[in-house]
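Produce the entire structure from the sequences given, and follow the hints as far as they go.
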Amino acid sequence: MNLSFPATLNEVWAHIPSWLSLLRHAWPDAQLHEIALPFEDLPWRWIEAPATKHATQALILTAGLHGIEGHVGVAVLDLLLRAHLPGHLAATTDLYIVPLVNPWGMAHSRRVNAHNVDLNRNVWPPETPIQIENPAYDRLRAFLNPKGPVKPQDRWQFFVRTARALIQTRGTAALRSASLQGQSRYPRGVFFAGQRVEPEIRALQHLLTRAMQRPRVFHIDIHTGYGPRDQLTLVAPQNEPRSLDELRQIYRYPHVDRVASETFYAIQGDLGSYVITLGQKVGTAAQTIALEFGTWGDGLVAQMRSLRAVVLENQLYHFGASRPETATWVRDEFRELFFPQRPEWVRRATEQAHAALRGVVHALT
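Under the working numbering, the first residue of the sequence shown carries the number 41, and numbering increases by one thereafter.
No lab work stands behind these hints, which were simulated from the structure alone.
Accuracy of the hints is not assured; some may be wrong.
[Claimed, not checked] Distance ranges between label pairs, derived from CB positions:
#1 R282 - S362: 42 to 52 Å
#2 E384 - Q253: 38 to 48 Å
#3 G360 - H128: 52 to 62 Å
Fair warning: this is a prediction, and the values are worked out from it, not measured in the lab.
The C-beta atom is built at its ideal place from N, Cα and C for all residues, glycine as well.
Shown next, in the form of structure tokens:
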């Protein structure tokens, strides 16, 4: 079975009836639920399927936390449900599926939500003001958040500005950390964590709290855009207590890493860390793993190109472009980073998704 990518938000919603029909063979009480988000009358939807006998665990599946990544995320969820999720789990497993945590981002081809918030830096305890201290970001603010319309020459001038930033921060790792770990001071800036927990995250936290009533919780999240070129990596949160060697054995998959490694950047307010911390707080054995589909790679040029795509897309959204063809190029580049169309990438993503999902399901059962 191949990955089949939905092209639009409506195509994502069109998947849900067939998912319900499929799930009800094993989870007869599976139901679709929704609440209204406070912008553009968009619904926030999830499937809830209670265990048929005695629930000893909960399985939570999420995708589209970064909206545009939902094209691939929903395709992987579809593959999991149709080809890998065993029906015998229904006896003891409560199932929650959130196909798009960030539907606004999917609808508008952005990573962020309607408030320009990166939701994977917004998962903090409810009612807690978000304050991220990132002085390195402050020093790079003008570089990361240029003002004015995007111009044709920004395509190559960005690399010149990046070279200056590398000198200023004394290396790639420092620049990556400064830019990607998040910030809470500049609402129109890239990697904005927000200043309070966003509506989408509040809804997800409500589901997580309910799921934590079970003795065991297993959470799977799906992302694209970072990591080695054309490679699917299973990424554990920074506070995952087990070693990488242990995780490779558990998941029966060779490419396993963790947040804040040499490959994957440190972040604050991420979903994975929140799941682990919440489980520890309430006494539930909580596990979480992210499937990260790499696209352009993690070499220096690839990292610079990725950062350019994110910075210029944000600049385009807030200030526009001096020429229509420049706007088109920025959107195409951004889309290719998070939703590639290259046949080789699609082939490898499909093969690796099957392999990783087999390992993840083995760990679950």
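Going down the list of hints, with the structure as the test:
1. R282 - S362: 42 to 52 Å: holds (51 Å)
2. E384 - Q253: 38 to 48 Å: holds (44 Å)
3. G360 - H128: 52 to 62 Å: Taking Cβ atoms as reference, G360 and H128 lie about 54 Å apart, which means the hint holds.
Violated hints: none; the structure is consistent with every hint.
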